[in-house]
Structures are given as C-alpha cells and as structure tokens.
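All chains, please: the whole structure from these sequences, using the hints.
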Amino acid sequence: MRDKKLNKTFKNNLITYLIVIISYALVQAMILSGNLSSLMQGLLVPICTYVIMALALNLVVGVLGELSLGHAGFMCVGAFSSAFFSKLTLEAIPNAGLRFFLALLIGAVCAAIFGIIIGIPVLRLKGDYLAIVTLAFGEIIKNFINVMYVGKDSNGFHFSIKDVASLNMEDDGLVIINGAQGITGTPTDSNFTIGVLLILFTLFVVLNLTNSRTGRAIMSIRDNRIAAESVGINITKYKLMAFAISAGLAGIGGVLYAHNLSTLTALPKNFGYNMSIMFLVFVVLGGIGNMRGSIIAAVVLTLLPELLRGLSDYRMLIYAVVLIAMMIFTSAPSMIEYREKIMAKFGKNKVSKEAE
Amino acid sequence: GNQASDKTSTAEGKNEVEAEEGTFLIGGIGPVTGELAIYGMAERNGAQIAVDEINEAGGVNGTKLTFNFQDDEGDAEKSVNAYNNLKDWGMQILCGTVTSTPCIAVAAKSSQDNLFQITPSGSAADCIGPDNAFRVCFSDPDQGTKSAEYIGENKLAKKVAIIYDSSDVYSSGITDKFVKEAEEQDFEIVAKEAFTADNKTDFSVQIKKAQSEGADLVFLPIYYSQAALILQQANSLGFETTFFGCDGLDGILGVENFDQKLAEGVMLLTPFAADATDELTKNFVAKYKEEYGEVPNQFAADGYDAIYAIAAALEKGECKPDMSVSDICEAMKKAMTEISIEGLTGEKITWDESGAPDKEAKAVVIKDGAYSLME
Amino acid sequence: MAILEVNNLSISFGGLMAVNDFGLNIEEGQLYGLIGPNGAGKTTVFNLLTGVYKPDQGRVILDGKELTGKNTIEINQEGIARTFQNIRLFSQLSVLDNVKVGLHNDYTYSTIEGILRLPRYKKTEKLMTERAMELLEVFGLADEAEYLASNLPYGKQRKLEMARALATNPKLLLLDEPAAGMNPNETAELMENIKFVRDKFKMTILLIEHDMKLVAGICEKLTVLNFGKVLAEGETSAVLHDPKVITAYLGE
Amino acid sequence: MALLEVKDLKVNYGVIQAVKGVSFEVNEGEVIALIGANGAGKTTILHTLTGLLKAENGTIKLEGKDITKIPGHKIVSMGMAHVPEGRRVFAQLSVYENLQMGAFTRSDKKEIEDNLQMVYERFPRLEERKNQMAGTLSGGEQQMLAMGRALMSNPKIILMDEPSMGLSPIFVEEIFNIIEKISSAGTTVLLVEQNAKKALGISDRGYVLETGNIVLEGDSKMLLNDETVKAAYLGE
Amino acid sequence: MGFISYLIDGISLGSVYALIALGYTMVYGIAKMLNFAHGDVIMIGGYTVYTIVSTMGLSPWLGMAASVVVCTVLGVAVEKIAYKPLRMASPLAVLITAIGVSYFLQNMGLLIFTASPKAFTSVVSISNIKLADGALNISGVTLVTIITCIIIMIALMFFIKKTKAGRAMVAVSEDKGAALLMGIDVNSTISLTFAIGSGLAAVAGFLLCSAYPTLTPYTGAMPGIKAFVAAVFGGIGSIPGAFIGGILLGIIEILSKAYISSQLSDAIVFLVLILVLLIKPTGILGKEIHEKV
Ligand SMILES: Nc1ncnc2c1ncn2[C@@H]1O[C@H](COP(=O)(O)OP(=O)(O)OP(=O)(O)O)[C@@H](O)[C@H]1O
Ligand SMILES: Nc1ncnc2c1ncn2[C@@H]1O[C@H](COP(=O)(O)OP(=O)(O)OP(=O)(O)O)[C@@H](O)[C@H]1O
Ligand SMILES: [Mg+2]
Ligand SMILES: [Mg+2]
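Residue numbers (this note's numbering), protein chains in the order written: chain R, 206 to 561; chain G, 2 to 376; chain C, 651 to 902; chain P, -18 to 217; chain Y, -2 to 290.
Worth flagging that the hints you see were computed from the coordinates, not collected in a lab. These numbers were taken from a predicted model, which means no experiment stands behind them. It is possible that part of the hints are untrue.
Straight-line distance between alpha carbons at most 20 Å, and here's what the computed EDC-like set of lysine to aspartate or glutamate pairs gives [stated by the list, open to error]:
{"hint": "1", "chain 1": "R", "residue 1": "K213", "chain 2": "C", "residue 2": "E775"}
{"hint": "2", "chain 1": "C", "residue 1": "K863", "chain 2": "C", "residue 2": "E839"}
{"hint": "3", "chain 1": "R", "residue 1": "K367", "chain 2": "G", "residue 2": "E189"}
{"hint": "4", "chain 1": "R", "residue 1": "K331", "chain 2": "Y", "residue 2": "D130"}
{"hint": "5", "chain 1": "R", "residue 1": "K546", "chain 2": "P", "residue 2": "E37"}
{"hint": "6", "chain 1": "Y", "residue 1": "K29", "chain 2": "R", "residue 2": "E271"}
In structure tokens form, the structure reads like this:
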C-alpha cells in the first residue's frame, strides 16, 4: 500500500519530467530539421520563463495556500539584479556560461531576499489582505526601479533617484540602470536549452520540496493553521521559507527573461500587477497545486495570443473569450461532474472489455 | 499535454496578409491593443496609405509593396514575437516598431538577421544602435535639447516647470536631456514633477507645484492623452501659463469632443501639423479622414514617411524583390544616406550613417483651434 | 506527583466569564474526564491549556514546568497534544501524511537534505513512515493510509486526529468529544482504543465527552464544569451520583 | 395521503451514488426516525428533500405536490423546514438576526413576533444570548439556535439532521422532549439520528438506511426490539 | 494654505476612489468575489454617457439614466454567463474569470470606440466653490461626488440592514446552503448584488469621467485597481470602510506627491498601505473574524 503511494508520486513526477524532456527533444529536432518557424523559435525562451514563473507561484498558491499578486515583482528583482551584473561584467567575464551562472545566483538570491521581506507581512495577513500587500510590494519595486539611476565610472558606483545628471559621473562613466529606460545592452546569454534546464531545476526543487518534511509542514499550514500549530509546526518559519524559495525561483525566471531581450524596463506591461495576475492565471487554469498543469497552462496561454495573430484586431477579444471559456470548462463543478461521468463510462468500457 | 506537438501544428503561424510573390514584403510592428494602441493604429494607417499610394502609382521600379502590420501591445517581448511572425511571413523590410523599448529589442534581432529596419517613431537613442536601423522621427535627446534651445533662444520663459511621465522611456528620455540643456540656457527649472503610468488621472499636485513656483512655462514631454487632462485641470485651477510640448502632444486637437479653447496657446515642437497648408499634408489628411474617420496625428505621418523612405531607398538601391534580405539591407543602408524625401514630417529629409534623420523641427502654436507655424 | 496542575484559571469574552477560577490536578497515567453542560467552558479550558487563548489569570504547570504564557507551538513541544471538537485535519494530505506532520519535530532533516534527497532524507522518511504506520495500526487506519484525510468517514477522521496528536509524543493528551457523531458500536471500539493508548504509551489523558457510557466506562476521575466554574470533582462514580451534577448535567 | 412521499430516490455525487433508490413516506403528525451508520446517506436524503441537492431519479411529493424539480428556496414557504447537519447558523449574525432569518419567507410581523416568543420560551438560553454573534456560541447553543431558526418559518414538517449530536445528556433529553412537543403542537417531524435508541424511543415509525438503501422499516417499537437493529445501532 | 488645498485635492481624488470602492466592496461582501471587471464596467458606463450626450447630443440626464441601465444589464449578464457556472468552484477560479471579463470588456471598448481618447463633457454643471479669497478651490464635481458617495453609503447600509433583500444578501454571503434553507433565492440575490454593484459602477463612471474627462478603453482599469486597494484599506466588505479607505487613499496619494516625491508617490502610497495593514491586519474598519476553536 505504502509503496504503491510512493510509486504513484514518483511516477507522477517522472511523467512531468519526461514531458519536459521529450518536448525539449522534439523541439530541438524540429529546429535542426528547419521545421520550426521563427515565431516559435522566438517564443521558446519566453515560454520557459513563464513556465518557471508559474511553478514558482504555484508553490505559494498551491502548496502554501496563500494568494500572491506580486510575483512579477520578484521576477523584476531577479531580472534587474542579474542584468545589472551581466552588463557590468560583460568584459570582466568573457565566458558567457560562467557569467550567466553567476547572474542566476545573484538574481535568485536577490529575489529570495525580497521574498523574505515580503514574507514578514505575510505572517500577519490572510487572504485578500495578503494579496493586496504582495501586489503593493510588486508595485513598489517597479516604481522604485523606474526612478533608479545607477552608473559606474573610474571613481566607482554612483546612485541617484533623480536623473542621470545627478549621478555626477566622470565623462567615461557608464550608465547601467537609466531610470525608466532601464538597462539596455544586456547580453543575450540565455537560450532554449538553458531555459529547459532551469525548468527542470525549478521542478526538481518544487516537487522534492513538496514531498518532504518541509513540504508537509507547509501544506499542513495551508490545510489547517490551528491544527498545524497544535502539533508544533512553526508557522512563521515555514511560511517565510515557502515565500523565499518561491521568490528565489521567480528570480530565476527574471534572470532568464532579462538575458533574452536586449532591453529591460520596469514597465507595467512587463512587471506590473497585470503580469502577476497572468502568472496566477497559469496556476489556476493549470490546477492549483498541480505542477504539470501549471506548465501546460503557461505554454498554452503564452502561445495562444500568438496563434491568434491571424485574427488581427479581434485577437485579444478572442483571447479573453477563450480564457473565460477555458476557466469555466476546467473549473465549473457542473463541467467537472460531466467530465467525471464521461471518464467513468470510458473507464467502465475499458474494464468490461478487459474482462471479456 | 505535449507542448512540442502543439507547436508543430501551428509552426506556420497564420497571417492574414498574403505574402504575394514578386512584391516587396514590408512588415510593420506596433501596439494595436493595450493602452498604447492609439499610436500603433495611427502608424499602421498612415503607412498603409503610403503603401496604397505607391502601389497605385505603379510601385517601386514597377514592383508593388505588400504591407503586413503586427501587434506587439507595446511590449518588448511581444514585439520580438511579432518580428519573428513577420519573418515567417517572409518580411524583407521592417517599418517599425512604433514605441522605443520594443524597438531596441527588435533592432537587436534585425541586426542579427541583417534585415533593414526603419522605425517611424521609436525615438530613444538606442533604437538605431545597430547599423541596419534607421528612424524617421527625432530622437528623444534631440527633442529634449532642441526644446530647451528653442525656449532659451526665443526667450519664451524665465522659470520653467516640467511635468513628465517617470515610468515612460520617451518622456523621461526627453526630460533628462532637457534638464541638461537647460543649464546652458537662460532659464531656470523651478519644478520637475513626475507622474507614472499607474497614476495619470490626477495632476493637481504637479500643476499646483508649477503654479506656486511661478513657472511661466510648463514643459510637457508627454503624450497628448495626459496633456489633455493637464490642460483641463490647469484651467480649472486658474493656472494660466504657456504649455510647451514635443511631438507626443501632437494630436491633442484631434481628441474627440475636446474643448479646443483649453489648448489655445499651447506650443509644440513637432515635425508635423495636420493643419499645414501644403499639398502633401492636405492630401494626406483628406485621405486619412476618408479612410479612418479621424484626423491623423504625427504618428500617422511618421508611418507615411517611413514607407516613402523605404520606397526611395529601394529605388535608389535598385533592389529587386527576389534579392536576399541581407542584400536588400546592404543596398538600402547605402541608399539611405543618398536619398532625400519630401515628407509630411520634413521638407527635405536626409539620413546619415547612424540612421538619424536630418530635418527641421517645426515649432507650432495652437491658435484659434488650429496649429500655426511659429517663426 | 501531579503531571498537570492548573490553578485559578480564568478568561472572559466580553462580559461573559467563560472559565472562572478553574483548577485541576491530574496524576500521571490517569484517564481524566471533563464534563459539563453545553457552553460550560470545557472547550475553552482546552484552548487555555494549549495556548490558543491567553488566560486573564491563572497558571498551568505540566510536569513541574510552567506553561503559562507560552504559545501553542511551545506548549505542544512541552508535551500537550489535542484533538478538536470540530475536526481539524489536514484535509488535502493523505492519512499517512497527517500523522507524519505530527512527527515533524521528532524526526528531522533539513530542507536542503529534503530537496536533494540525501541519505538522511531517505533514512528519516523511512523511520517516520514506520512510526506513523504503527500509530495508524493502533486505530485501525493502516489500510486507509493513502486516502485523502477528507475522504475518510467521520468516525475514522476522529481517530486520525488522535493518531496525529499522539505522533507528537505528548505527555498529556486532550480529547475534545472523541465520540461525538459515532454510533454505539463505534464508541465501544473507541473506548478500547483510548484505554489501549493509555496503557501502551503510558499516556495521561484528559477528555471532554457527553456520552456517559464512555465517561463512566473509562474515566477514573471527573471534573464537572458549570458556567465556567467547577461544580464537582472526584472519583467518577461519586461524581456521577452527585445530585448537583444530576440536576445541572445528567438529568434524571 | 402522506404529507411527504418519496419514491425511488437516487442521488449522485459525481459518479458516486450515495442514495440508491429510496422510498418512504411521512404522514401528517407522525414522527419518523431515519437511522443508519455514518455515510449511509441520511444527510444526502435530507439535502435532496429541501433542494440543496438535485435528485438523479425519483419523485418527492409534499402534500401530494411534486416538488422534485421545484427550486430549493420555494420549498420553505410550502411548509418544509430543515435543521441542517452541523447547525450552519449564520456565524456573523446575532442570535436574534438568525432567528429573523428563519422567518424570511413570512411577512406577518405580528405572527413572527409571537413565533419568536414561542422559540424563546422553548429555548430560554437563546433569549439570554440574543445579541451574541452566533459563531461564538457553544455547540449546544448553536444547535438550539438552528432548531429555533427552523421553527421560525412555522413549518408543517421539520427535517432534523442529528440534533442531539454533541449535546449534554440533560440536553439530549431536552431536545427529544422539544421534538415531542414540536410534534404534539402539530408539526410533523422527520428525524435523522445516530442516537437510534432515543430516536426510535420517541418516533412512531422508523427506517433503517444502509449504504444508500433502506434495509428495514416499520413501527419504532418493533425496530427497537429487532435483533439486527439492536446489534448494529443500539450497541446492545 | 498649501496643505489645506492639497488636502482638498486629496479628498477630491479620494471621493472618486471611494465611489468605485463602494461597488467593489458591495459585490465582494456579498458574492465573496473580487470582481476585477468592475473598473471596466465603469468604462462602459462612461462611453454610454459619452455616446448619448456628446455623439447624439441628448440630455445628460438621459445619458446618466441610460448608463445606469446599460451597466446594470451588463453586470447581471456577465454574472449569469461567466460567474454563475463557477458559483461552487474555488474563489480563485472566479477571480481569473473576472480577469478574463475585464480583458473582454477592454477589448470590446477598443473595437467599438477605438483607442483614441474622447473628451468627456462633465455631467455636473455646478461651478467651483472658492474659499479663502480663491486660494482654496473645491470643484463642483468633487462636491457632487462626495455627496453621492455619502448618500450611496448610507443607502447601502440601510438597504442591507433593514430590507428583506438586504438581509438575504447577508445570509447568502455567509452560507449559501443555509440561506437556501431559509427560503432565499440565492441566484437572484446574487444577481441583484451584481445589478446594484454595476449600477453603482455606472454612477462612478460618469462622475469619474466628469472629474477626469478623458475616456479611453482603459480608463476604468487603474481606478478599478486603486479602488480595490481602497476597499481593502478600509476593510473589504465594509461599506463605510470603502468610503474611508477611498478618501484616505486619495489624501495619501496627493500628500505624498506634494511633500515627498512625485516620482515615488506610488511606492509611498503602497508603503503606507502595507504599514496600516501590518498594524490592523483587516483594514481600518474590517471585522477581525476570530475563528472559534
Ligand atoms: N471566542 C469567543 N468569543 C465569545 N464567546 C465565546 C468564545 N468562545 C467561547 N465563548 C463562549 O464561552 C462559553 C463556553 O464555550 P465552550 O465552547 O468552552 O463550551 P463547551 O463547554 O465546550 O460546550 P459544548 O459542550 O457545547 O462544546 C460559551 O457560552 C461560548 O458562547
Ligand atoms: N460532497 C460530497 N461529495 C462526494 N461524496 C459525498 C459528499 N457528501 C457525502 N458524500 C458521500 O455520500 C455518502 C452518504 O453521505 P451522507 O452525508 O449522506 O451520510 P450520513 O448518513 O448523513 O452520514 P453521517 O452519519 O456521517 O452524517 C457517503 O459515502 C459520503 O462519503
Ligand atoms: Mg466544546
Ligand atoms: Mg449526516
């Protein structure tokens, strides 16, 4: 009985890993045989980014059971800190692989630190109040980066929240973060292979965490805080931990994002609450707590608007309709029941056939 | 649930414009949904008019143009997607993108492909970083510097206040240079107040700051939707001053139902005025109104000029539609520095190797509900 | 020596004195009953003992250690575990995992070891599973170990709560109406379970119950609470024949 | 004609069939006990009767009128009230407001007031606590409130789902007394209970439910003496 | 004088937030869902008035009436089509659907009315009030907005406390099943909630557009989010809380712009919000719900 269960989770996780790996292999094969359009090739890294974001958010929403509307903020921190680093060390570290690896570390750590900072209010707040605080944090980060000017010259770093001029740099100075204009000229160090490796890493962390002592503690808080306390689970510690890990993973998503495009700005479009909500859409559509679902939802919903390009001006309207329809299809109790019934019929047929 | 197989079925992303054999395939990119849609739509429409005109007149050296415009929602990532989509379609020349940040991202890609790119309105300095990238509009630094010079040289004011969008690349880019140039000029910046994309309905504080500092000119390096609100709010606060803006302000008179009295006396440094009396403009405005039911703004004019620049460069570079993308690019790059076009946004526009246009900025003032050229 | 010593414990909600000057002494290994009319304050006493509510006054001493003012988590680590009147399981976890959460503080490995699946993870998880299965066995839940807790029938959910509480290896186990919603047969089985737990684990048990068959059947001593105050205490049979208790609680 | 008549009722949760074709009837003035183990489907039946769940199959007739397809909110005003399992009082409302909620479908102010006094008489504790938030009441108090609330609709028939659960012995007596009083005041009662002994003690007839089927029915006294019932439900 | 004048500005801005927040909180309080599309219903309301008054040249009163009707019908329709199937699903599923509806309405607006901004003609013809020799200026729209807010707030509280339909709403918000057992028609109660919420959105729409008279398909989005913040700030679900939250949010926003930094004002507003919630975790007037153990 017990072995069966272990096997079941193991199998389930294995399937998830396999889906990622096989998809990767198929896509690679298509690229090599020249069968993948430029559009799709261009979408590969963004898709990896969003998959990572969905997985990271699912850790908070699905496993910890708290609503975060600020994950774009963590992603933003990861993106900017790593892009900052990469731009700065463009010459000092010529090896793109090493540079990107260090950028990853920096992005993840910085984002995780912000995760802990956000985690503090998380301890006191619940539900929608928590959601609004995470949203607020995300917006603060975005707003702050928009007025942040950082430059470097022979005298070292200069920092200002007014404008480039007040950096007071020597003429040889290099503006690294230029307020709303953000960072330009980040090396495009990421690629699809790296993206998939990072997805696998994120999956590894999230799945193994969930199936461990720590994961159980986090889930027990989700299911019943009072009971968790009564058996001695340290609520503070585990909530913070979940938030920090999730933020760190979101930071990795940000690093991938930042090293895919040559411009990085903290616009509402990239890192605003709308983006956080988009990640939430992935998580909810894929099934709360269901990592494989998150992956699929992130892929489908990132592709969808691109596939709808043919509809021109109606594109986003149709996208909205499809989103609503998918939500109702996957979550409405009547639909679920209907699907269950069909599945049951299907299952029964199979059984009876086997019996024959 | 297999992601990869999903992709194969759609590998040839659908595209509503047929890629016609034997024509030049020109792509366009810009926001036609989302908050910036108005700029993308104007540019698309303006460019389309130019394409139709050229085709009617027999095309470029007898070869017609096909134009395909893709949405990017004003986002860098989506813009790269749009670019790739157009590449799949067979794009040979890119007329885009409309906004700056996406333009920088796309320019990085187009330079890898060595695909000729001319942005009608991507004004950030980096938009023309790679040598395959050109632009039609003035750059942000140019506009900032020129505005400050203009104000200083014409002694329009002693005390200047700035209200700008600190979350916008265009606006903060102009502001930076304006402030810098102001040091050289004989006026003082008494207030520099920001707003953000998330906070752009109420401007009472910014206006009051300018008012209480006694600004005799308010510089508005922003887009006209916000400017319309600022004018309205300044009016109700009884703040009478000169407002001075850049090309983003163009279009303010076209806001439906707008009380044009509010805009009376507003000055702007813009390459295009829909009320100009030259034949070219009159024709264009008439056509635009007929097609799209609106008065075109500067973005439409930029799009129009960009297409004409492309046509001129194609002609000069003796390009053929069956040439490779890279060959077309090389030919056009060279041709661009040799051509001069009569555009809506400048009488004799020429380009240098950097990709920047050389044209005169016109300072216009709104008088009696119409733009009129200032001397 | 008394394992639990409670002195003049009080708490009020608004104007209502829910628990008023409550005292209690339980010897090690005793099976002690707390009974009283609905709303008398029994559950509130449990909440005070486990730190869910902070008392307005009074002290709680467990095994010679002062618990007053400690929070729920600390109190659990000091050795008090409980079940709840309205069942509180980790409904989306398996039955086995519910018990493993109870083992959380006694069987440890770090998060990193968990993520990287280092040897200590494997070893500890194995030990945890064994221990948890042992506990489930006691309550006849071993066959349902893989069920989602919320899919268990009601009576088994109550038992699972007990197993989970026991997993924290407490000195004192508090059971709030363990037999509520069970039919007579199930109750009889539960009584055996409780006695077994007490004997096997040398546990001290304090329970709240309205089922007099259970109370009379297994409790050695009783305290009767009425309007937040102690109405009577002593040997079970004596208390149950106390006329005050009969009028206030048992009825004729 | 029976006041409540249920024929061949089947109810599903998704693919699980919880009630598998149950028929029974309740005559005017009767007290009927429905007993059975945990998960037998008792609550499911009651939920279907008052429209909280949809029947898959079968008919439910109240005073001869088919109410199977009638939306749940119309059933109360037809004279059927339900004291749900787990009380389900409105936790954020006061005791008084909860009772008023029970009279939602009625508009006769005067009669509602009389009814309220009747409830207060029957449950003095509720009057004492009339301004307390229902969520902070003790279990027993909440049970009283749930019964009082159902009585506020002045029903012809009242369905009670385990009203004695979690109550003190004296109160269990009390509740069963109240049920008898409610019955003698002319209200028909359908009583679902784990406490089979008490339930059969005060009822006229009883039905025994096992995993979604009625396996035994008859006069309550007869059931009390039935060996299988004794072994399975009375713990003797 | 400067401070008072900023304070007045803050109240003006806040009154608009408050008005929107009232609709938000009303729907949240009863249907327990964050209707992220609320702001976009406001936009539709604004366009309705615009079409009738500015395009067709009819009376503003007719415009306002039509706007209320259009929004109410829209709100109820959206509820029926998009939210009702998810009544028993997780609240997050409904939240996501609401986001879908929000996208839908925005893009609908974009297709019908194009992206070009329209200048809205104020429906309020009361002129400004000048105090202290003109140094303080209270706009007519602000006065009307605040008065409307207060009237709506009181009316809503009265409605919920005193009327049968109002009490039904409270019951539904607590326990839909138990409400049904009381004889309450849960579906029509929720429809009514949306009808009222959307009607309020229409009112908010024409007052918002009167105060800040440009109208684009995205006009409602940001004020919608701000109003959500305001509603949480005041204690979501609490009607007076929405009012207070809205006004305070407006004041904080203006004062931080005026005295700290106009660049960082968004950050400051959100920082204050976080601090307030840390001190009072359920917002200013939010009820702390103690779970009985
Ligand atoms: N958080 C609270 N706020 C207000 N009153 C409370 C609170 N918790 C309990 N009470 C009140 O305190 C009294 C005692 O409640 P408690 O739950 O301890 O009763 P109990 O003895 O366990 O009763 P039962 O046997 O019915 O469960 C009750 O009158 C109850 O209404
Ligand atoms: N919401 C639900 N979803 C799926 N199955 C359910 C649901 N509610 C009840 N069931 C199942 O339906 C069957 C009958 O349940 P029901 O609650 O009617 O039993 P009961 O006789 O009232 O039991 P109890 O004495 O525990 O109240 C049980 O097997 C139960 O697990
Ligand atoms: Mg109790
Ligand atoms: Mg039941």
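Structure-based check of each hint:
1. R/K213 to C/E775: holds (16 Å)
2. C/K863 to C/E839: Within the cut-off at roughly 12 Å; holds.
3. R/K367 to G/E189: holds (17 Å)
4. R/K331 to Y/D130: violated (49 Å)
5. R/K546 to P/E37: holds (13 Å)
6. Y/K29 to R/E271: Holds: Y/K29 and R/E271 sit about 16 Å apart, inside 20 Å.
The structure shown violates just one earlier hint, number 4.
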